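My request is simple: use the sequences and hints to build the entire structure.
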Amino acid sequence: MQNDKLFYGKLFLISVGLLLVNDFYLKYQFHNYLTGKLSDFVGLFAFPYFVSLLFKSKVKTIYILTGILFVFWKSSSSQFAIDFLNNIGIGINRVVDYSDLIALLILPLSYRYRTKNTSGIKKINFLPKEFIIGICSFAFIATTLPKERGEINLKSTYETEFEMQKDSVLRKMFKYYQSDNDPKYQAVIELPEKRSRIIVSTIISETENDRTKVQLDSILFFVTEARGFFGVQKKNVDYVKELKLKDFEQLFTEQIINELNKK
Numbered sequence: 001m002q003n004d005k006l007f008y009g010k011l012f013l014i015s016v017g018l019l020l021v022n023d024f025y026l027k028y029q030f031h032n033y034l035t036g037k038l039s040d041f042v043g044l045f046a047f048p049y050f051v052s053l054l055f056k057s058k059v060k061t062i063y064i065l066t067g068i069l070f071v072f073w074k075s076s077s078s079q080f081a082i083d084f085l086n087n088i089g090i091g092i093n094r095v096v097d098y099s100d101l102i103a104l105l106i107l108p109l110s111y112r113y114r115t116k117n118t119s120g121i122k123k124i125n126f127l128p129k130e131f132i133i134g135i136c137s138f139a140f141i142a143t144t145l146p147k148e149r150g151e152i153n154l155k156s157t158y159e160t161e162f163e164m165q166k167d168s169v170l171r172k173m174f175k176y177y178q179s180d181n182d183p184k185y186q187a188v189i190e191l192p193e194k195r196s197r198i199i200v201s202t203i204i205s206e207t208e209n210d211r212t213k214v215q216l217d218s219i220l221f222f223v224t225e226a227r228g229f230f231g232v233q234k235k236n237v238d239y240v241k242e243l244k245l246k247d248f249e250q251l252f253t254e255q256i257i258n259e260l261n262k263k
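My numbering puts the sequence shown at residues 1 to 263.
None of these hints come from the bench; they were simulated from the model. A hint or two may mislead.
[Claimed, not checked] Quick list of in silico lysine-lysine cross-link-like pairs, BS3-like style, CA-CA up to 25 Å:
id	residue 1	residue 2
1	Lys-74	Lys-147
2	Lys-262	Lys-246
3	Lys-147	Lys-37
4	Lys-37	Lys-74
5	Lys-37	Lys-172
6	Lys-129	Lys-10
7	Lys-262	Lys-172
8	Lys-56	Lys-122
9	Lys-244	Lys-147
10	Lys-116	Lys-56
11	Lys-155	Lys-123
12	Lys-56	Lys-129
13	Lys-166	Lys-147
14	Lys-244	Lys-234
15	Lys-129	Lys-60
16	Lys-37	Lys-27
17	Lys-147	Lys-58
18	Lys-60	Lys-10
19	Lys-147	Lys-129
20	Lys-184	Lys-37
21	Lys-116	Lys-10
22	Lys-184	Lys-246
23	Lys-213	Lys-172
24	Lys-123	Lys-10
25	Lys-5	Lys-155
Everything numeric in this text was worked out from a predicted model, so none of it was measured.
Here's what the structure looks like:
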C-alpha cells in the first residue's frame, strides 16, 4: 500500500502531464528550444520513476539503465539500431544533439524524489491507480512513436493584406507565436491524411490605414508520424518531399488565409 501512494506523487503526475501537453500541443504550436528540451527533462523525471513503481526492488538499476540508454539513443552510436529498424519497416529518426544530455541532470532529482520519505504523499480517491498506469503507459508509448522530420527551407514571396489591425489578425491566427528578437511567426499546415505537419514561417506587419500584411516567408520543415506501431509510411514522407513551392502556398492559402477571411 505504501508503494501505491507513490503513484500520486505531485511532481510525478505534473511531469507526465507536461510530457503529454508538450508532445501533443506545444511542440507544434511553439516550436522552439524550450519545447525541444522540455520533453527530455520531464520524460527523464517521470519514466524511471514510473517503471520503478512496477519493479520496486530494482529502483537504482532502473535509474542507471535509463541514463545509459538515454546517452546511447542521443549519440551517433545508436545509428545502427535506427538503420536496422528502418530496414524492417519501422520508420524512426532522431537528431544527434549532445546538448540534449543536459537533461540527465534531472535523474538524480527524480531518484531522490522517488526514494525520499513518502509520508507527505496522499492518495487521490477519484484517481484510481489503474487509471494512472494507463495514462502513463500511453504517455511513454505515444510520445515515442516513430516520427520522421525533414528540412524543406523554401523561400516564398506570397503575401496578402487584411482590412483589420495587426492585433486582430494575431488573435485570430492563434497558432502563431512571437519571438522577442524576431518579428516572424510560425504556423502549422496540417496534412492529416498523410500523418504530416508542415511548419512555415510568416511575417505579420502593419500597413497604412489600419491594414495588416501577411507574408509567407518560408517553408521550414515537416514532421511525419507513424500510424500505430507500424512505422512511418514512406509514401507519406515522399508525398511531402515532392510538394513544390506553389503547393505549399496553396495549402497556406486554404488553411490559413481562407480561414481568416471566414472569421
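message = Please list, smallest to largest, the hint numbers that this structure does not respect.
response = Per hint list: 5, 11, 13, 17, 19 and 25 violated.
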